[in-house]
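K.L.:
Hints in hand, dock the two standalone chains.
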Amino acid sequence: MGLKEWVDKRSPLPDMWREHMAEYYAPKNFNIFYYAGSLLLLMVALQFLSGFLVLAHYVPSAEDAYNSVFGIMYDVKYGWLMQYMHVDGSSLIFVLLYVHMARGMIYGSYKAPRELVWIIGYILYLIFMAEAFFGYVLPYSNLSYWAGTVITSLLKSIPFIGNWVTIIARGGPGISGDTIGRFMALHVTLVFILIIGLIAVHILYLHKVGSNNPDGIDIKENKDSNGHPLDGIPFHPYYTVKDLSGFGVWLFIFAAVIFYAPTFHHIFLERTMSTPANALKSLPDVTPPWYLSPFYAMLRSIPNKNGGILLMLFAVLVPFLMPWLDRNPVRSTRFRPVTRIMLIIFFLNFFLLAWVGEQPPLPKYFFPERLGSVIYVGFFLLLPIVTMFEPTRKPPARVRYRAH
Amino acid sequence: MKKLLVIGTLVAGLGMGGMVAAEAETAPVLMKPKYTYDAKTIIAGAKLFAMHCMVCHSVQFMRYEFLTKDLGMSKADVHKYIMLPTGAGYKANMVSAMPVNMASKWFGRPPPDLSQMERYKSQDWIYTYLLSFYQDSKRPSGWNNHVFPNVAMPDVLAPMGGTWSEKGKLLKAGNESQQKFRKQVTDIVAFLRFVSDPSVIQRHEDGPWVLGLFALFTVFAYLLKKAYWKDVK
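Those sequence lines, one after another, are chains A and B. All letters in the first sequence, in the order written, are residues 8 to 411 by the working numbering. All letters in the second sequence, in the order written, are residues 595 to 827 by the working numbering.
Wrong hints could be hidden among the right ones.
Claimed, not checked - Taking beta-carbon pairs under 8 Å as the criterion, some of the chain A residues facing chain B (in silico):
1. LYS35
2. ILE240
3. VAL256
4. PHE259
5. ALA262
6. ALA263
7. PHE266
8. SER281
9. THR282
Unchecked claim - Keeping only pairs whose Cα atoms sit at most 35 Å apart, straight-line, the calculated DSBU-like set for lysine-lysine is:
10. LYS371(A) <-> LYS761(B)
11. LYS699(B) <-> LYS641(B)
12. LYS371(A) <-> LYS288(A)
13. LYS774(B) <-> LYS626(B)
14. LYS685(B) <-> LYS699(B)
15. LYS288(A) <-> LYS699(B)
16. LYS215(A) <-> LYS227(A)
17. LYS230(A) <-> LYS820(B)
18. LYS628(B) <-> LYS371(A)
19. LYS669(B) <-> LYS626(B)
20. LYS827(B) <-> LYS227(A)
21. LYS827(B) <-> LYS35(A)
22. LYS641(B) <-> LYS674(B)
23. LYS641(B) <-> LYS288(A)
24. LYS84(A) <-> LYS685(B)
25. LYS288(A) <-> LYS685(B)
26. LYS674(B) <-> LYS663(B)
To be verified - Residues of chain A placed beyond 12 Å of chain B at every Cβ, according to the derived structure:
27. GLU12
28. LEU48
29. ALA119
30. GLY188
31. ALA286
32. ILE309
33. LEU328
Simulated from the structure, these hints should not be mistaken for laboratory data. C-beta atoms are modelled at their ideal positions from N, C-alpha and C, and glycine is treated no differently.
Bound conformation, chain B alone (with noise of 0.2 Å):
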């Protein structure tokens, strides 16, 4: 009887919870990236970031070091492909060359730093959001976004995965095929996903020891507490 009423209350509890979820949701579905999340991705990312996304965008908690130190990229290969021409220091954050005052006023308001853009919105939302750009004219930039509705940003990698139109058809192809413009894109949120989290490295790195010391412990402390327990009757 007792299990039955436990069980009843259960089915009850998770067949509400159930109904509840079903409903549909407003927000666009949000397409998942695949990838492996390694160092090769992450540099890719990081070069592909410089390129396209460093004009406007800063990652401002994020030093040029931290390529290096984390990933293992050549200094040469940061001052060659990341770093700005400016000359801005190795250690110093990376910073967009664009004043935030210019571009308040060019776009209305600033391009927001990505620093922790990715724990924020999630690596689903940035893979789709990139994705989801089509050409509207009634935009002061000429471009909108599905998953932003009316964002002040334009479409910087048109040139790459072409112009659509918002019911997706393509207007104009890009210089990349699909496959290729899909795979940069995933290289990006890696990148910003990193960026949101640089511990990682470290923290799978130590992670093992820090877990097997603990496992060891409990180890011998159980056969302390056995030993000791052995008289309790």
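This is chain A alone, in the form it adopts within the complex (with noise of 0.2 Å):
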């Protein structure tokens, strides 16, 4: 008996293997925006290398924060490689993640029996929005300090032990090298954590009920006499091989924007992230990344604080409900143009948020501010109506490929 026979035994990786690999069976018609998926796989693995490294270096108190990560741009060797793969990365995870839920939207993704597979997904989003907020926070930057300072008094909001939460949040009245302690903890463990044991869970999920795919039919009705999927391929080797390919692409993409545009306009990198946290020096307007800008602009839309955070958080949670809004049995929106048109309006009109929470707060901004919350309020509303009425063609029977 040999090695390999004597641990296939005894493992249960095989099995794991053949389950989730060489035998799961993924539709064949996957489009370019399914690479998403294995590339936030491949950022957050990236993530982890650059972030470990970062840590070696960093230092987490008020007097030696900013001083240790700007030591790590100048005096660590490739400390410049560290830092911006690890700026950059966090920006090109949410484009990544905005693609990837803009792609189970138009598809059709979150309708039964994916259900779950979105809400994990979707919780999976919070999270990393947590991660880069506690992230954003450790360079002890002046943004660090007033974002953190606007971010946590959100908090202050939460009835009759708002206060408290915000004292416990912030590890004092307000932010300070206490404040550093508790959120790199948070940072590199707990958040980090959950982010890797809910991918796990989302894959898992994804596993069990089966991919769904740009024809948004399901490829399990059709199988051919082994009781594989007809229009249905192994993940491995077909997959691994197609996202290898794409990893390439990405990777150029990703080292170009290091290398070339390692601030991105100081859209990636913002202007006040290098100068030292200040309390006396409090920002014209502190605006978050712009991965979070939309959800600011709808929080600052209404001028009352409790106002804005309630709409806030509405926007911010309303998603989950996306596999019940949408009524129609029919998944994919290549056979429902509406919703289709409604989508697209809606990502735009998202786009139109991120630019408004970016500006100062001026009462010019105040119509496409407003306006941008109407769109995107009323899209959730006027989904189920639109999806129980709208006019839709027939999917066909197999899934549509040409191969090339």
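P.N.:
Structure, rendered in structure tokens:
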């Protein structure tokens, strides 16, 4: 008996390999949007690598945090590479998250039987937001300081215990070295472990019900004599090699950003991130990073703190209901043009909100801010009505795929 | 119909963005320095910085040796033009000789460290700021600035660029022509830009190799994908 057989008899890995890779049948008609999932896995691995390296040099204290972060940039060999990988990587993760979620919305991947896949995925998105927030407080730049102050002050709106919760979250009445200590603990342990764990759960729940596809039809309804879906292909080797070429293209883009536009016109790395925290010098306008600014715009669109927080909470939480707001039994919007148009307007509106959320709080931005909020909320309110009555074409019996 | 609707939304969105952007900004318009960003400009800026700025301002994250390692300046030149006569270490950080507590006393607040100033304020801002000083007898230093009103810093470059009134009238000519003075200010800006991110040299050196490697990887990965997917009909 060879060593391989000896191990195979005792190991769960061969079965897991078959179940999730070699004999996991995925539809053969995935398009370019389907790269985002595997790219997110790659990016989380790379964030771990770059995070591990910067953590080795980072000093979590109010006195040294800023200097240690820039010490990495100037004095650590290839420190700039670790730093830019980590900073640009976090923004690119959100690019991929939005593509991944938009893909799910366009092809109805949240609909039965994949509701839990959507919900777990959406929880992951919220946890990524938390991870990013804790991360950008750590350099203790002036943006870190004031963004940390603004975001933690949202907790003050919790009825009765708001002030107490805020003090617990900050480790004192204001942002200080104690805040950095607890945020670092959250950033590198609890929240990160949650991300890893939930990614595993997300994939396991997906593999239980099978992947959706751009046509939104169920490939398990047409099986060959072996019981394999006729329109499915084993994930390994077909999608592993396909994703590998996707990795190549993506790493090229990622490297191009790091080497030639590391601050990405100060969208990925804001200017106020490059000046130390100063409690006496509040920023003229504390704007969040681009990936959170749509929600910030909605928060600001109501001139009342608690009202704004309620709208923002609604905006953040309402996508959880997508599987039940959509009443149409057909999944893919390829056959539901009205929903598709609504989605395109929704996405464009999301960009408008992201842009307006980055602007200073001036009266001239009130109108686009409010219009954006109305369109955002309106989309979710209209969705159940539209999807009940919209004209729907009949999806084909088999997935459409052109060999290339 | 579908396309029309999409185009309609796009046009509406763009129109609204344009409308908002068209409104006048209150801040003064920043000028753009024109130069080629290379070692020669940066070194010229470093010499000017050491002569005129480093009396008060540190760039504490820079080390003298970076000027040799990254820009190819000779060690002798660094000693001659950049380093303080106090004999600071060649590997040490570029820190001003002015004690911070004294500087706070003299100016009301210590002159800021300029290591990340270009990243924080932008090169256009620094360039315009350095060219926007005017004489103002109401200020303790005798100077004021259009870009940074009531700034504590005096116009240390006035002997070169001349003394100006608030309305932009030349009160006392400097010993440089305006063209040469602007070139010198541009050099200082280029140096501060370099200081705020010295990795640019190595990034641009390594970049083509890294991108080439990934491009090559993509080609082979794509060929592999092609070969495997041949039998997917």
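K.L.:
Give a verdict on every hint.
P.N.:
We went through each hint and held it up to the structure:
1. The interface hint given for LYS35(A) holds, since its Cβ lies 6 Å from the closest Cβ of chain B, which is under the 8 Å cut-off.
2. Because the beta carbon of ILE240(A) sits about 6 Å from the nearest beta carbon in chain B, less than 8 Å, this interface hint is met.
3. A cut of 8 Å between beta carbons decides the hint on VAL256(A): the least distance to chain B is about 6 Å, and the hint holds.
4. Satisfaction of the interface hint for PHE259(A) is found here, the shortest Cβ-Cβ separation to chain B being roughly 4 Å, below the 8 Å cut-off.
5. For ALA262(A), the shortest C-beta to C-beta distance to chain B is roughly 5 Å, which falls under 8 Å, so the interface hint holds.
6. Because the closest C-beta pair between ALA263(A) and chain B is about 6 Å apart, less than 8 Å, the hint holds.
7. Taken as an interface hint, PHE266(A) checks out: its beta carbon lies about 4 Å from the nearest beta carbon of chain B, inside 8 Å.
8. Proximity of SER281(A) to chain B holds as hinted, the smallest CB-CB distance being about 4 Å (cut-off 8 Å).
9. For the restraint placing THR282(A) at the interface with chain B, the shortest Cβ-Cβ distance is roughly 5 Å, inside the 8 Å limit, so the hint holds.
10. Of the pairs offered as hints, the one joining LYS371(A) and LYS761(B) holds, with about 31 Å between alpha carbons and a cut-off of 35 Å not exceeded.
11. For the hint linking LYS699(B) to LYS641(B), the alpha-carbon distance of about 28 Å falls within 35 Å, and the restraint holds.
12. This hinted pair checks out: LYS371(A) and LYS288(A) have alpha carbons roughly 25 Å apart, not beyond 35 Å.
13. For the given pair, LYS774(B) sits about 16 Å from LYS626(B) by alpha-carbon distance, which is consistent with the 35 Å threshold.
14. For the hint linking LYS685(B) to LYS699(B), the alpha-carbon distance of about 30 Å falls within 35 Å, and the restraint holds.
15. Straight-line distance between C-alpha atoms of LYS288(A) and LYS699(B) comes to about 20 Å, which keeps the hinted pair within the 35 Å bound.
16. A distance of roughly 12 Å separates the Cα atoms of LYS215(A) and LYS227(A); the hinted pair therefore holds under the 35 Å criterion.
17. For the given pair, LYS230(A) sits about 25 Å from LYS820(B) by alpha-carbon distance, which is consistent with the 35 Å threshold.
18. A threshold of 35 Å between alpha carbons decides the hint, and for LYS628(B) with LYS371(A) the separation of about 33 Å falls inside it, so the pair holds.
19. Only pairs whose Cα atoms come within 35 Å are accepted, and LYS669(B) paired with LYS626(B) is accepted, the gap being roughly 32 Å.
20. Restraint check for LYS827(B) and LYS227(A): the C-alpha separation of about 18 Å stays at or below 35 Å, so the hint holds.
21. Distance restraint check for LYS827(B) and LYS35(A): the Cα-Cα separation of roughly 9 Å lies within the 35 Å cut-off, and the hinted pair is therefore satisfied.
22. Restraint check: the Cα-Cα separation between LYS641(B) and LYS674(B) comes to about 10 Å, which is no more than 35 Å; the hinted pair holds.
23. For the hint pairing LYS641(B) with LYS288(A), the CA-to-CA distance comes to about 32 Å; that is within 35 Å, so the pair holds.
24. Restraint check for LYS84(A) and LYS685(B): satisfied, since their Cα atoms lie roughly 15 Å apart, inside the 35 Å limit.
25. With a CA separation close to 33 Å, the supplied pair LYS288(A) and LYS685(B) stays within the 35 Å bound.
26. Annotation: proposed proximity of LYS674(B) to LYS663(B) holds, straight-line Cα distance about 17 Å (limit 35 Å).
27. Remark: the non-interface label on GLU12(A) is consistent with the geometry, its nearest Cβ contact in chain B lying 28 Å away (cut-off 12 Å).
28. The beta carbon of LEU48(A) sits about 16 Å from the closest Cβ of chain B, which is more than 12 Å, so the claim that it is off the interface holds.
29. Distance check on ALA119(A): its Cβ is at least 27 Å (rounded) from any Cβ of chain B, clearing the 12 Å threshold; non-interface status holds.
30. Against chain B, the non-interface label of GLY188(A) holds: every CB pair exceeds 12 Å, the least being about 24 Å.
31. With a least beta-carbon separation of about 15 Å from chain B, ALA286(A) lies farther than 12 Å from that chain, consistent with its non-interface assignment.
32. Every CB of chain B is more than 12 Å from the CB of ILE309(A) (nearest about 19 Å), matching its label as outside the interface.
33. The beta carbon of LEU328(A) is kept farther than 12 Å from every beta carbon of chain B, the shortest such distance being approximately 24 Å.
Against the hints set out earlier in the document, no violation occurs for any number.
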